[in-house]
Amino acid sequence: MILDLGDIRAADAPRVGPKMARLGELAAAGWRIPDGYAVTADALADWLPAPARAELDGLLGALIPAQAAADPGALAGVSARARELVEGQPLPAALAEAVAAAHERLERRARAAVADAAAGDARAGAGGDAALRVAVRSSAVSEDGAGASFAGQYETYLGVSGIADVLDHIRKCWASGYSAHALEYRRRLGRGGAGARPHALDLAVGVLELVDVRSAGVAFTLDPVTGDRNTLVVEANWGYGESVVSGQVSPDHWTVDRATGDIVTRRTGDKRVWSVFSPAAGRVVLEPAAADRAARACLTDDEVRHLARQATRIEAAEGGAPQDVEWAIARGLPFPDSVFILQHRPETTWTAGPQDAGDAEPAAGFDPVRYALRNVFRVPGA
Amino acid sequence: MPSQDEATRVPVDDFVRDELYPGYKQPFGGQPFVAGPVRPFSRADNARYWLRDSLHFSEGMVPASIATLDDAQTWGAQLGAEIVGVPPTRGSVNRLAGTHVYIGTIDVDTEWQVQARAARFGQYVTPILRDFDSYWAMRAGELQAAYDHLDNLDLSAMDPATVWTSLKDAYAFHRRAWFIHFEVMYVLTANYLAFYALAEEIGLAGSAVSGFLAGQQTFYSKTDEELWRLAGRARELEVTGPLLHASPDSMRAQISALPHGAGWLDEFDAFLEVYGQRTEETCRIDTPSWIEDPSAPLYAIGAFLSKPTGFDFFAARQQAIAVRDEQIEAARRSVNGADLARFNEALASNQAANFAWWNEEHNYLIDRRAAIPVRRATLELGARLAADGRIERPEDMFFLFKEELYGLMEGGLTAAGATWKDLAAMIPDRRAYFEDWKRRGPELPTMLGTIPDTVPDPIMIEVFGLSGRFLEALRGGADRGGIAEIRGFPAAKGVVEGVARVITTVADIHLVQPGDVLVCGGTTTEWTPVFGIIAACVCDTGGSLTHAAIVSREYGIPCVVGTALATQTIKTGDRVRVDGRAGTVQILTSGQ
Chain D
1 MILDLGDIRA ADAPRVGPKM ARLGELAAAG WRIPDGYAVT ADALADWLPA
51 PARAELDGLL GALIPAQAAA DPGALAGVSA RARELVEGQP LPAALAEAVA
101 AAHERLERRA RAAVADAAAG DARAGAGGDA ALRVAVRSSA VSEDGAGASF
151 AGQYETYLGV SGIADVLDHI RKCWASGYSA HALEYRRRLG RGGAGARPHA
201 LDLAVGVLEL VDVRSAGVAF TLDPVTGDRN TLVVEANWGY GESVVSGQVS
251 PDHWTVDRAT GDIVTRRTGD KRVWSVFSPA AGRVVLEPAA ADRAARACLT
301 DDEVRHLARQ ATRIEAAEGG APQDVEWAIA RGLPFPDSVF ILQHRPETTW
351 TAGPQDAGDA EPAAGFDPVR YALRNVFRVP GA
Chain Y
1001 MPSQDEATRV PVDDFVRDEL YPGYKQPFGG QPFVAGPVRP FSRADNARYW
1051 LRDSLHFSEG MVPASIATLD DAQTWGAQLG AEIVGVPPTR GSVNRLAGTH
1101 VYIGTIDVDT EWQVQARAAR FGQYVTPILR DFDSYWAMRA GELQAAYDHL
1151 DNLDLSAMDP ATVWTSLKDA YAFHRRAWFI HFEVMYVLTA NYLAFYALAE
1201 EIGLAGSAVS GFLAGQQTFY SKTDEELWRL AGRARELEVT GPLLHASPDS
1251 MRAQISALPH GAGWLDEFDA FLEVYGQRTE ETCRIDTPSW IEDPSAPLYA
1301 IGAFLSKPTG FDFFAARQQA IAVRDEQIEA ARRSVNGADL ARFNEALASN
1351 QAANFAWWNE EHNYLIDRRA AIPVRRATLE LGARLAADGR IERPEDMFFL
1401 FKEELYGLME GGLTAAGATW KDLAAMIPDR RAYFEDWKRR GPELPTMLGT
1451 IPDTVPDPIM IEVFGLSGRF LEALRGGADR GGIAEIRGFP AAKGVVEGVA
1501 RVITTVADIH LVQPGDVLVC GGTTTEWTPV FGIIAACVCD TGGSLTHAAI
1551 VSREYGIPCV VGTALATQTI KTGDRVRVDG RAGTVQILTS GQ
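Residue numbers (my numbering), protein chains in the order written: chain D, 1 to 382; chain Y, 1001 to 1592.
It should be emphasised that the hints constitute simulated quantities derived from the structure, not laboratory data. Just so you know, even glycine gets a beta-carbon here, dropped at the ideal spot from N, CA and C. A couple of the hints might just be wrong.
What follows is a list of derived Cβ distance ranges for each label pair [stated by the list, open to error]:
| id | chain 1 | residue 1 | chain 2 | residue 2 | range |
| --- | --- | --- | --- | --- | --- |
| 1 | Y | E1238 | D | G6 | 49 to 59 Å |
| 2 | D | F335 | Y | A1205 | 35 to 45 Å |
| 3 | D | G365 | Y | A1205 | 20 to 30 Å |
| 4 | Y | V1495 | D | H253 | 40 to 50 Å |
| 5 | D | G365 | Y | V1012 | 54 to 64 Å |
Can you make the complete structure from the sequences, with help from the hints?
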């Protein structure tokens, strides 16, 4: 029911979601990524007690498939009741114990890593007696759900620490599956009813160490604006990458020539806010940034070139499909050990491709027999 | 099983007839073939095209090798095409000009047959491509098991009747091996050509596809590495002198006279034990294996030794792999979205079922080896027959046709009524006929019959290089006086100027000097060592999948194939400029 990151491979995607599966592959391939574990979708599938499930089915079943769902007020009301209901349910004891054991293993590994590296406070909370800070991430498993996950329908919580808090946020991740916009998304996809089980979600949860970040952002292996694959793009801000990913800030922006690896253009953004861990809130929060930092580039040229190169390596490992790669640079570690890869996914704006749009031919895969008969042997009608 | 005495016999006598039906006698020789046996040319053949296959058979065929030829490029190809269900072709068929092999194809010419074959083609091909590793392991295992049996027969301890039985087993195996050859070849070629078509569809050059599939380790690349290693050992053990300068006949004696010579020869013999079960040409009963005559590998080691000392065989291979990966990445960057996904699927399919790899790999199990058990048993039987005074010497067996041998061994007479004595009398004439045609081989036209505008068989295009441009060059080829530039298929990139060395048979390969531009009809596995010393390669025949193209890429030298006319236009000693990216060869100055 729990898989440590070191044991996760691509084949586990149906259990842990493509996001966590990709991280497992990266870890296995020797990339520097935050350690962690995944609570599998099958372990969570029936975690809700039967009465809660029945109640949810009643709530959602009436609402989601209905044409009447155009009423946003009703949707919001149902969502609020559903989330409250879910967050109030205790996790089954066996599951909670398994998570606690996995979390203890993670904390042990983190302490050992810190001791090994003598890297002091490189990983927040890992040093001293403070509990390890982690990110609790929703990881949707089914294809539609993965789309929903990328579309931000499920939530991620940064800066969680302590097992009680972790268990709490696993439930919150699940509950985020019933948020108003998640329900609306399901309704639009026509998947709302999920058969006789409207409460069902195909969701795994990843728990990953929270790196103590100096700067973070995204690297694209094509220019996301023009689709030009000879250009790589790096965008970044101080602090955690959430300010960049969520579009809350105009980030620093570099373009890098793929062939030479040289920086071609650089633009320092207007970084008025940043994502930072707030001890008071116990979470990563968005805060106003000091003026001098806002106008200063948050990466060195070496870091930009390195990130661009790493992104192309990930792209090559993904069969050349353009990727966007989320990364972070940790405080207190020497470059390039300081560079962590957080996640990556196929770049979707251009890969869906204008050349495919409206084409009569469906985007079928490569079938050697079909190609041989039709294009090589030119069999009429093949 | 009861003995013959005890067996109950129901006589067939009442049913014995000369005719199958009143007025109908079955013609001889038409039965075992799907479409047609090896034949001499007839006038009707003027209506079709026939390509000289100097690629596989440069020196001509002795009578005994005609049966093995007909197992291979005739029967095997026809059965393979039939079973796989290749829609446009029923395989290849052979004609002989004197003793020299020409190949033609049998087009499927009715629409219904094309459709019917297309309908079953996928049923045969799909499961094989889905798990090619397992499939090839099964077939290779079958072949290896046969060699384990046939190679280990102690023929010299057998009585003559058992030797004959062993020869029949070897013949049966030979035929089976060639069915496997063409079955797998057609399946893999389809996969390759499908990738080629996909590449063209998404805006890449189809001709680049074979480059994406280069660099997988084969039995032959391992052989080359071993030869390279032995060259290094020859330096260490100080035996390079004879390898570089001695004649093949005395080389072994000269090496063994050196202080560390015996030690080096032990290593060389251990190499032969693993890699020596191969002959110089396909199907030829009259050519020895490396174990019988190691002058070819000794020459190859000498060739490696004469390479400039800076040359690093492994570095060249690594470089070729890096170039391949760079080409793949560049191709990926030029396509997007669903096209990229299809490209990656096609690449994965072809990496798993890789024609470019198999085209080299299969030779050691089939082309260069399958006839060796036939040769061994033939020579052993020949020794017994010579001892009996039936023939003069064992090698006389090469000048008997398989059908004659069957008739004589099974009933004492050939189908034509000839006795051992009659045939023995014919052998000197047959030998002279073979030698005469062997001499005339280099003068034979590249193509006979009607040269078409295009050929429909994609295998003939990619393997033999019968592109439209090739055919056009052949049609215009009569007047060669003013030709200063020859065009062909750009098989491996790079530009080189050098002195041409025209070689028409692998037997002359030792004439090639380091730095030469090799000009030849086409190359096969046996030519591989020479790629370690030449500056560039130019061939009359060949397409993206031919041996010369594949090996040139691995050795990092420019190569142009499918020129149609190179060996007739370029003379040894000419200074030429080879541009492997443009696919051109310029004759700069005449050597005369």
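Quiz item: How does the Cβ-Cβ distance of G365(D) and A1205(Y) compare with 20 to 30 Å: does it lie in that range?
Solution: Given a distance of about 22 Å, which is inside 20 to 30 Å, the answer is holds.
Quiz prompt | Whether the CB-CB distance between E1238(Y) and G6(D) falls inside 49 to 59 Å | solution = 53 Å, holds
Quiz item: Regarding V1495(Y) and H253(D), is the given constraint of 40 to 50 Å on their beta-carbon distance met?
Solution: 42 Å, holds
Quiz item: Using the C-beta atoms of F335(D) and A1205(Y), is the stated range 35 to 45 Å upheld?
Solution: Holds - the Cβ-Cβ distance for F335(D) and A1205(Y), about 41 Å, lies within 35 to 45 Å.
Quiz item: CB of G365(D) to CB of V1012(Y), is that within 54 to 64 Å?
Solution: Holds, at about 59 Å.
Checked against the numbered hints above, the structure breaks none of them.
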